[in-house]
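J.: Top to bottom, those sequences are chains A and B.
Counting from 1, position 72 in the first sequence corresponds to residue 72 in this note's numbering; the numbering is continuous, with no gaps.
Counting from 1, position 35 in the second sequence corresponds to residue 1035 in this note's numbering; the numbering is continuous, with no gaps.
A few of these clues could be false.
Here's a subset of chain A near chain B, in silico, CB distances under 8 Å, partners left out [unchecked claim]: (1) 10; (2) 14; (3) 36; (4) 38; (5) 62; (6) 66; (7) 68; (8) 70; (9) 81; (10) 84; (11) 93.
In short, the hints are calculated from the structure, not lab data.
A virtual CB, placed ideally from N, CA and C, is assigned to each residue, including glycine.
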Amino acid sequence: MKLRELAHTRTGDKGNRSTLTVVARDAKDFARLETQLTPERVKAHYHGIVEGRVERFSLPQLGALQFVLYEALAGGVTRSLALDAHGKTLSSHLLTIDID
Amino acid sequence: MSKTSIRIGAGAGYAGDRIPPAVELAERGQLDYLVFECLAERTIALAQLERRQQADKGFDPLLADRMRAVLPICLAQGTRIISNMGAANPLQAGQEVLRVAQELGLQGVKVAVVQGDDVLARLLKDGLNLPLIDSAAPLSSLQEQLISANAYLGADALLPALQSDAQVILCGRVADPALFLAPLMHEFGWAHNDWTPLGQGILVGHLLECAGQITGGYFADPGYKDVPNLARLGFPLAEVQADGTAVITKVAGSGGCVTVATCTEQLLYEIENPARYLQPDVVADFSRVELTPDGPDRVRATGANGQPRPDTLKVTVGYHDGYIGEGQMGYAGPGCVARGQLALELVRQRLRDAGLDQLETRCELIGVNSLVHQAQASTEPNEVRLRVAVRAPTRREALLVANEVEALYTNGPAAGGGASKSVREVIAAAAVLVPRDWARPQLTVLEQGGSE
């Protein structure tokens, strides 16, 4: 199924990095999200957007994964040519990823 | 007078935020403090440019409107107002508040103005060798284009203002969560090295600093995340105890919702490593924060910790960075994507012929790939809008590119319509770290009647 059925997301920006929050709707789904949403998988899903690495932090007590996407914002909000320079709409893209 | 709990409300989460929810909070939130957070990264640079044109400007243009809306009720209820709407001219901002008070027939209003964040002169004198954060270059590489340099002051910079009897406290650049931490330190007597309560105070500030983003704003996804009465979204308030633990809630009957889900999204918003959230007052640790329901639209936030504060202060540097030219054109109906792609190819070819193809350029179809740039159209959309954006060193070159898009009217594919074009000057932001003592907070209390 798509991640949208299992979790909700929000992005923010910090310099040229996008911060991407994934929160399980139901705590029981957190374990499989943690297993399947690896930094590598997330970087691949944002191919062409994320030029740098992806880091991940886990907050099991909140059912949340926090990703930092490096070099994802075309230089950062004050310089980017992108229409959505903050990358706020990017959180919706993760919701299309497949989860077993 | 020491209290057992403090009520703090968020009256704005950014410079353009809505005013009615702040009025609702002021009227019905029974607040001790109302905070307006109105400075984004480059806001001060833009304000600095304005101040150079006009010496009595350079503060937030909505300051007077916000004060007219809430100052009378806040004065009557004893709610103190704290804001960074001072921007690049906190003293003039203070005078503006007194003017509004006069206009409204209010008496006895005092404004505490906190300055000291502006470190441009010091940087030009002693800091040109400092390395830019996130870059290999030193600050001197931007010397010709510099506009502003403002240090993120901490809550400690606001304490003297809170100790005065001013009802309104205005500053320039202060770390956003510190606007909320400062009154907590003041009321509960936390010392500068009480790291755990400071970490909790930063948690409260971070949860509140974006106002509606924790009460159901930036959250609704119809059918998946439904938010009641979103049009009348209320802004949040925190009920904070002396140990820093807090309940996040909103005025009863206001729109929106405060849930563990909305709070979790805001907790992690723009956070990188949750265990190390660097602030001027403390390195906050959110990694073990717990959010628990405490009744309808009430969420308790506990479990933040803190480590000693950094030795340096972060400084945002504003600088000129050329121009961005942009053109857009719409296409609709059958073949709209093919016509949009043909139009993009025409613009690219014409820019090559004009020798402008070396400029950094972005070409896309809004409706297909302007947001997720690698995306393909899965089905033919009803309409698309072509967009070409370019970064150019001069206004003239930026406009040439924008003009090429507009020229698609008579020189491009069929039925292109609704063209728009723009050229804007780019004010970019970079950052350096400076020793703490380069930024010395300075308090001035302004009173009605023209005396200081």
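J.: Would you mind marking each hint as holding or not holding in the structure?
T.: To see whether the hints hold, each was checked on the structure:
1. Given the 8 Å rule on beta carbons, the hint for residue 10(A) holds: about 4 Å separates it from the nearest Cβ of chain B.
2. Given hint, residue 14(A) at the interface with chain B, holds; its Cβ is 6 Å from that chain's nearest Cβ, closer than 8 Å.
3. Look at residue 36(A): its Cβ only gets to about 19 Å from chain B, farther than 8 Å, so that hint breaks.
4. A hinted interface residue such as residue 38(A) counts as satisfied when its beta carbon comes closer than 8 Å to some beta carbon of chain B; here the least separation is about 18 Å, so the hint is violated.
5. For residue 62(A), the interface hint holds, since its Cβ comes within 8 Å of a Cβ in chain B; the closest pair sits about 5 Å apart.
6. A distance limit of 8 Å between C-beta atoms decides the matter here; for residue 66(A) the minimum to chain B is near 5 Å, and the interface restraint holds.
7. About 5 Å separates the beta-carbon of residue 68(A) from the nearest beta-carbon of chain B, less than 8 Å, and the hint is met.
8. Annotation: interface hint on residue 70(A) violated; nearest CB of chain B at approximately 10 Å, more than 8 Å.
9. Annotation: residue 81(A) was flagged as interfacial toward chain B, and the flag holds, the nearest CB pair being 4 Å apart, inside 8 Å.
10. Because the smallest distance between the Cβ of residue 84(A) and any Cβ of chain B comes to about 5 Å, under 8 Å, the interface hint for this residue holds.
11. With a least beta-carbon distance of about 5 Å to chain B, the hint placing residue 93(A) at the interface is held under the 8 Å criterion.
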